[in-house]
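J.: So the chains spell out like this:
2 protein chains.
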Amino acid sequence: MKSDSGLASWLQLTLTPGLGPSTIRQLLKKFGLPEQVLSRSRSELARMAPRATFDALDSTEVVEAVSRAREWAAQEGHAVVTLADEAYPKPLLEIADPPTLLYAHGRLELLGRPALAVVGSRNATAQGERNAEAFARTFSEAGLTIVSGLALGIDTAAHRGGLTGRGSTIAVLGTGIDVTYPARNAGLAHDISRTGLLLSEFPLETKAAAHNFPRRNRLISGLAQGCLVVEAALGSGSLITARSAAEQGREVFAIPGSIHSPLSKGCHALIKAGAKLVESADDVLSELSGRGICEPATPRGGRTTVTDPLLTQMGFDPIDVDSLCARSGLSADQVSSQLLRLELAGLVTALPGGLFQRLD
Amino acid sequence: MKSDSGLASWLQLTLTPGLGPSTIRQLLKKFGLPEQVLSRSRSELARMAPRATFDALDSTEVVEAVSRAREWAAQEGHAVVTLADEAYPKPLLEIADPPTLLYAHGRLELLGRPALAVVGSRNATAQGERNAEAFARTFSEAGLTIVSGLALGIDTAAHRGGLTGRGSTIAVLGTGIDVTYPARNAGLAHDISRTGLLLSEFPLETKAAAHNFPRRNRLISGLAQGCLVVEAALGSGSLITARSAAEQGREVFAIPGSIHSPLSKGCHALIKAGAKLVESADDVLSELSGRGICEPATPRGGRTTVTDPLLTQMGFDPIDVDSLCARSGLSADQVSSQLLRLELAGLVTALPGGLFQRLD
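Read top to bottom, the protein sequences are chains A and B. Heads up: the first sequence at position 131 corresponds to 119 in my numbering, and the numbers run straight through without jumps. Heads up: the second sequence at position 321 corresponds to 309 in my numbering, and the numbers run straight through without jumps.
Check the hints yourself; a few may be wrong.
Copies of the same chain look alike in the list, so a pair counts if it works inside one copy or between any two.
[Unchecked claim] Here are the simulated EDC-like cross-link-like pairs (lysine to aspartate or glutamate), alpha carbons at most 16 Å apart as the crow flies:
1) LYS260 / GLU331
2) LYS264 / GLU275
3) LYS18 / GLU32
4) LYS260 / ASP270
5) LYS260 / GLU275
6) LYS260 / GLU239
Just so you know, these hints were derived from the structure itself, not from any lab.
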């Protein structure tokens, strides 16, 4: 994917303590590729960050960390994807703070597919997990890659649903890619590394630390074109992912639930703030296909589309209730009630002047 | 409330078969009060509707029906309120098709109060009925009169909740006001006639007929400043009421629920179409008090308002996360997560440029 010394330079920059993505982007902008950055004198570089930071570039710790990362990257199925690589996910280039590089384990081609983030509570209800898995399976069958965070609860269910379809799944880790967290998901992580993709921006061996997860969440939302929150308490990490998604211009979707369930309060807050209420996977697929992101939702047997007699009698021109009564032999109230049903199903729209029109 | 012969003329017009509210309004507009309409020659009137209709004005059936209605109106607690009466509810004057007169039994003064329609399924869940009653009680305690349709299920629970507070309740019937429908609600109707108000636009003795209920529903929404749907299946009458409310410029509110409950699908369809998602009675009261319709919601113990330390540290000027970290001693991630929580609770708003501001 790149010359070995090229990769070494990328790793050297990112593994040097004190050099964050934003400083590195400034360096790349000013001097070119990492090899060119590193060919500059340390005093020249020191105009962009404290001198001590650049002195650390050649420390034993950094040299050894680079060496370990190169060994890791050389193994079967492993890759380090940098900002300069063709495989670097395009959607991340649109976000405010794209990572300099990503450690990847699995099917790199998934980074080029349309994707949907599916996230939610670690302490989900059984029904919430069933919803997450069923929705994710439908999305994956429709060709969307499911992005989530390998946490217990909703994330786990979303990954499992994703793995069953052609869209598969990407797990973005808040730890080093060689650290399995949570331990209970070791089996799932293994499955994802074989038919999906594990991804992390953190150096190898980075242990789980609370402050890394919100940072990771911006990648979950950033990698996807939309973000579905299945169950979330107020103040939970899933809402941070949803906020990232909204800030990144992604569509936010949320599944409602009982007003008495603490795990629905986060979703309800999102809907109040403008997220789309979602009752079925088709709700999401229609929205995304309308924006050209994925294929249209499969028509289901339950839809009124073809079989509804009133819809057939309407034709495609605007029509009033009286004419519909005449055509259908129904009373005005029957027609009104059926029109309302069709309107709510998105098949008919009400026009000014008491007219109605079929939509599809 | 008006001269006896005046009332007789109003009744004579409305009790004549074939004369609907819209024709009657045209007659009133052209000739003045009903007494003046009736003083015109029948051939003069016949320019506005078929001659046979006006011939029926003096039929035995109409004369006897007027007489029975006058006897009914003379009884304690009974009234007939016409378009010309001071007591005629002002909100109904704004709707497309206000009834010419209303039969009323109970506390007429409730027609002058701010009101909220609370409607929903006849086959409600136990939780739905509990929600309806609890919400209605809170609204009524806040001074809102609960308007509903005396049906079983949600309507019944809403009326019961309304009766417990100072706002009380109005039941708008789809039958004659002297017909108890459904029979199982005879006791509730009796209670409402004593401390609330029964209302109908239909002539005495009008039996329950399917086509009268959608017509009645426009009055439920029209009498109120907002309409809350508690539980409703797709295609149900409650959605017709909600649509009337929207057409009449009333705010529509809906309570979400499980995506697997058929009784939540109507509410979800409304929220998708723009209705406000409601988790608590306070959600409705805040919205209505913001529009000057009722008193502000009572602050509850559970609110973060005063006790949240970060909120206190924010002050009331825009502030960035770094400054908040310095003030609070918290990490950037902790501050971000707390800000999100406060934002979702409506206590803080995010401003451009990474600034946040306290809202109350």
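J.: At most 16 Å between CA atoms: does that hold for LYS260 and ASP270 within a copy, between copies, both, or neither?
T.: For LYS260 and ASP270, the Cα distance is within 16 Å only across copies (14 Å; inside one copy 21 Å).
J.: Up to 16 Å between alpha-carbons, please classify LYS260 paired with GLU331: within, between, both or neither.
T.: between (23 Å within a copy, 12 Å between copies)
J.: Is it within, between, both or neither when you check LYS264 against GLU275 at 16 Å Cα-Cα?
T.: Within. Shortest intra-copy distance 9 Å satisfies the 16 Å Cα cut-off; inter-copy 20 Å does not.
J.: Quick one: LYS260 to GLU275, C-alpha cut-off 16 Å, is that within a copy, between copies, both, or neither?
T.: Only across copies: LYS260 and GLU275 sit 12 Å apart there, 18 Å inside one copy, limit 16 Å.
J.: State whether the alpha carbon distance between LYS260 and GLU239 is at most 16 Å within one copy, between copies, both, or neither.
T.: both (14 Å within a copy, 15 Å between copies)
J.: Is the C-alpha distance from LYS18 to GLU32 at most 16 Å within one copy, between copies, in both cases, or in neither?
T.: Only inside one copy: LYS18 and GLU32 sit 11 Å apart there, 92 Å across copies, limit 16 Å.
Of the numbered hints listed earlier, not one is contradicted by the structure.
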